[in-house]
Each structure stands twice: as C-alpha cells, then as structure tokens.
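> Chain order of the listed sequences is A and B.
Start counting the first sequence at 1; every next residue gets the next number (our numbering).
Start counting the second sequence at 1; every next residue gets the next number (our numbering).
Note that these hints are calculated values from the structure, not bench results.
Heads up, some of the hints might be wrong.
Lysine-lysine pairs mimicking DSSO-like chemistry, simulated, CA-CA at most 30 Å apart [as the list claims (entries may be wrong)]: (1) K287/B with K49/B; (2) K287/B with K47/B; (3) K223/A with K287/B; (4) K129/B with K223/A.
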Amino acid sequence: MLGYLVHRLLIMIPTLLAISALTFIIIQLPPGDYLETYIAELESQGENVDPEKIEFLRQQYGLDQPMIVQYLYWLGGLLQGDMGYSFEYSLPVSQIVGDRLLLTFVVTLATVLFTYIVAFPIGVYSATHQYSWSDYGLTFLGFLGLATPNFLLALVLLYLTNRYFGISIGGLMEPEYVDQPWSMGKLMSVIQHLIVPTIVIGTAGTAGMIRRLRANLLDELQKQYVVTGRAKGLPPVKLLLKYPLRMALNPFISDIGDLLPELVSGSVIVSVVMSLPTTGPMLLSALRSQDMYLAGSFLMFLALLTVVGMFISDLALAALDPRIRLHGGATK
Amino acid sequence: MTAPAAPGGKLPHFVSDAPFDPYSVERMTPEQERYFLASQWKMMWWKLKRHRLAVISGAILLAMYASILVTEVLAPYNLHSRFTDFIYAPPQRVHLFHDGSFVGPFVYGFHYSLNMDNLQRIYTPRDGKTVPPGAAAAPAAEIQKLRFFCFGDRYQYFGLVPGSFHLVCPAENGTLFLMGTDRLGRDMLSRVVYGTRVSLTVGLIGVSISFLLGITIGGFAGYYGGWVDIIVQRVIEVLRSLPELPLWLALSAALPVNWSPLLVYFGITIILGLLDWTGLARAVRSKLLSLREEDFCTAAQLMGASPGRIIGRHLLPSFMSHLIASATLRIPSMILGETALSFLGLGLRPPITSWGVLLNEAQNINVVVLYPWLMLPVLPVVIMVLAFNFFGDGLRDAADPYK
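Model the full structure from these sequences, guided by the hints.
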C-alpha cells in the first residue's frame, strides 16, 4: 500500500507540471497583456500615460521577459505559495482568493455528498425494479436533470426559494449578516443559501451516477452466486445488500475522477448566476480583463482540486476493494 | 409403409427418385438467408428499430436537422424584424373557436397598457372578455386569422436568395408571437428557429473535429504502442483532469475581440472539439491494442501496407459503428457547452443567434418573474439533449454485436 501511495504521488508531479504549463499557455493566449488594457483604459479617461512608468511596471512584473522565463517565475512562486499579483485588484492573489477557494471546496464537497445521497437509492431502486414504470420515470428524471442547463435551473430555483421560503436572492447569506461576526444565525443563513447551488450543480452528475450504478448492479444481479443464494433461501434484502451492492459500489469511488471536473465546471457557471463568492465569478472577470495571474491561480486551483480528488478516490478504491491487488505479481 | 420383411428374409429395396441435392442440409429459408447475409449496418438498423424510444428520438433529431435547411420558411418573421410596439409581449395563444363558433386558427390582438407603478408593459388579449387593468370595460374583440403558405416578412434564404414565402404568417397588420417577444420586440419563436441552425451545427462540427482527433491520435497510440502510447496516455490524463468549462472559458476569452461573428463561431466549435477527443481516443486505443495482434493485420503488414492504411482500412472499420454511437453521445455536451459559454457572454455573440445567445437575455431574476417566456429557448435545448442521449444509447446497444 505504501509503495502504491508513493508511486501514485510521484505520478501526480508530472501531471501537475503539465497542467501548470498548459494553464500558463492558456492565460497567455489573448493578444496583448494587462498593461495594454490598462493603458487603453487610462487613455480613454483622458489621462496621460508616462511611458517610463509603463516600462517600469512591465519590468516589475516581468512582462518583458520571454514566455518561458515568465512561466518559470510563476511556477517558482506557486511552489513557494506565492500565487502572483493581481493587476486589477493591486493585491497579491493569495489575499484575494483565500476565502473563495475554501468556499469552492466546501460547495464541491457538499455537491459530491448530495450526488451520492440522491444517486444511491435511486440507482438501487431502478436496478431492482428494472423495466418497471418507476424505473423509466426515475431514469427520465435523471436525464432531465442532465439536459436542463444548470444556470437556468439555478435562476428558477432561486426565484422559487425566495418566493416560498423567503431566502434572499443570490449571495452567500442574508444581507443583514454581511460583515457581521460569525454566529449561529449566520451559519444557518449560509447553509440555507448553499442548498440551491448544491442541488443545481448536483443534478448534472447525478444522472450519470444513477445510470452507472444501475448498470453495474444489473450486471452483478445476473451472476451465478446471486442465483445460488436465492436458491438457498437467502432473504431478498440480505441477498441484495450483502454482495451485489458492495460490488456495484465501486463506481461511487472510482467515478469521482469523472465526477469532479463535471462538478467544478458546474459550480463555475452556477456561482456566476447566483453571485456566490466562489471562484466562478472572479475567474470570469479575471479572464475578461486579462488579469493573468489571478485567472491562472484559479485554473490551477480547480485542476488541483480534481487531481487530488482523483488521487484520493484511487487510494480509497485500493483500500476498499479487496480485488484490487497492488503487489504480489500476476495471479494467472 | 410396406409390411416388415420376415426375419431372415430380404429387405425391400428402396430408391428415391428425387434428384440428389448435396446442399439440402445447408439450404436456408429466405428469411434466414436474409438474416445471415445482412451487412453489419443492416443488422444495426434492425436492432435499432426495436428500440422504440431511440427511433422516436432519431425522428426528432432528423426533423430538427431538416428544419435547418428551411429555417427562413419555418420562422414566421425575419430574424431581425423588430416590433417596437410590442416589446416584451407575452406569447399569443392560437385559438380555433370564438364565442363558440368555429373560426379556424387565429390569435387575438393585443391591448397595450402601461402599469404606471413599476412601468411594466401589460398586454391583454382582445378577446372581448378580458378587461385590461385600469380599463372600465373589455375592448372589442379583434380576431387575427393566421395565414398559411403565405408571403410575409422578406428574408435572404441562406443569405443569398431573397424571398418572402413562409409556412405561416400573421394576419395583415396583425401579429403572431407564439413565444412572445424580447426586449427589442423581436419574435422569440423566429429567433429560436434561427438559433437552431447555429446551435445544432456547433455540436456536429465540434464532434467531427473531436472524432478526427480521437481516431488519429488514439489510432496511432494503439497501433504503435510504446512511447507514443505513453505520451498520448499522459496527455489524455492531463486533459481529463482539467474541468471542462473553466478551460473552455479561458480559451474562448483568448479569441480576439475583433474577429467577425462567423470566425468566432468556428473558433468556439474548434475549442469545443479540441478538448473533447480524449474519451474517443481512449476507446480507439484500447481496441487497436488488441486488434493489431490479429492475423489479418499481420497479413496487411506483410503485404507492405502503410500504418495509416492498416489503421484506416483494416482496423477502424471493425468497430466504426460503435465509435459513431459514442460520438453521438458527445454531441449534447457540446450543445450544452455552447449554451453555457454564450450564456456567460464568452461564446457566440449577436448578431449570430444561437439558443445560448437567446438565453443570455434570461440572465437575471427579473426575467423569471416578469418575462418568463424569455426562458423558452431552453425547451429546444432540453429536447435536443434528451433526444441525442436516447438515440445514442439505442445506437450503442444496436452497435454492440454481443447483444
């Protein structure tokens, strides 16, 4: 297990390096740099731009260096926990993004849990009631969740919760709690506001999860040992829970690798609509204004979230599924 | 039957006079013959036909794609026609009966008033019964009979041929807003019909790009194995661990602002396709890894076929149907991706009209409350995504030779 852990960790290093290079190339892609946007903005306001000042800024931020040097600077900074400097906010990136990263993490975690909690009973039910009307209905519902664009669902649910539960629209908490110290009421308010985004982001992943669980469980249910167990008079519920379900549970762990990028994508667009202070809205504005280090840090963080998630899911799978042998050579 | 011969006696000699047919055992009924000789695609078609939902979805898809060809005729109005008297007008309902007597399909005209408290435009149908708020009595009924196969709004068919023929037009001096109008007074239904052209082709072109990339890259990785395979595997892993939407966002933010809308359209499709080939490449690779060991592949190699020819002529066709089925399942995510990008304002931009661009106007909560019909473009999105999913599922089942 330890060997596997180390091996898996070592693989992550080149992956993350490649991701960082890709991220850097992408944020460098737009023609021009932030300073050009900045100059244009100043000039449009009728202000004079001192070329020397611009030159100074350019040198200060290393924008005059070749791309590879800039990349190495950025990478070196990242490794030391320095995420660069946001041009737009004139603040170090780490100061701006701290809370947002945490909240993104919380929302993603909540969504994963939501997906599991919803997908699990539905998947088991539709597998055990294959081709019944309820199976068709639930499958269709899952597909509908997949097919409805997230952002629109978010809008409608926002309106409905406001109308029927009196929860304020958008934001992370009721307006009166903003800038207040943390209290029980504030926490409850935050939780209330996280319900809708969790549901909305979760719907997209739930459908896929239901289908995979259903397919896996159906495969298991047709196997000989189930027939034997039934022939020997095992009660149906025990027969279902004891072995087939355990086998079919693997996708719940292994699919987190597919699920996470999906959820992170979903959270970006939903939080833009719901103006949640997660990475989404700020990433969007950073991309628009070519605030490259800010955008780069967000992209890096989102990728890191998925890579680490996959790592954990691999470990959990290896620990939980006795069929996965990590060492000891071939069995045949 | 003759009586059995006495024990020890001579057996009766029997010779059949039917002509001898050595193949009688192997002969099949015409039905069997048809089945055994059917090509792979024919078998797929038979299997697909049994999948009711897939057939229905396929028909819907076909109809939607066919509508692209005659968009201008199907839409009651031109894409850019504006009706400044009818801004944010709600959908008009089509009626058949007025006051209990049959009139044929018609709509009631609008009565317009302004709510002076919140400056909301209020449209009420002039059906002779509905009393507009603030008015004393209902205005006289105004029946606007629909015209079919008629000449109405002018348009340029595919931007080339001028015309004015429509499937359905409003009455002379009447209106026909079956999905309401937007903030500029443009007919939503017409815009949705026009948006179909863009939204559906985005997915198709995007999938073609990712299909080509996936087959080529996965093909070479699977055929050569070794370090080519290792590199491709790593690249796929990196791409798959990146969340799609932020990456799409970043890439489309990189599209130059001064590009023409058409270039942006192609840019977006390329972006959508560029990040999507990984799943397909994986499938191709794993299949080729096993197929390249087959004898027919060795035979082709010995005869001096080039790797490209072996992959394209001999290996890929054996699981092409399956590949196409999986590609079908990728189209909806591209349609949704385009919708999301355009919704965020980083995708297509007006004057190009797609469902995402239309939904961009339904961005805030006011719309949900005051003008819910602006959210109607979501209907075709949902229908298309569902149809593609069901059809792709059916196609995949049909392409599976072991079922």
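> Which hints from the list above does the structure break, by number from lowest to highest?
4
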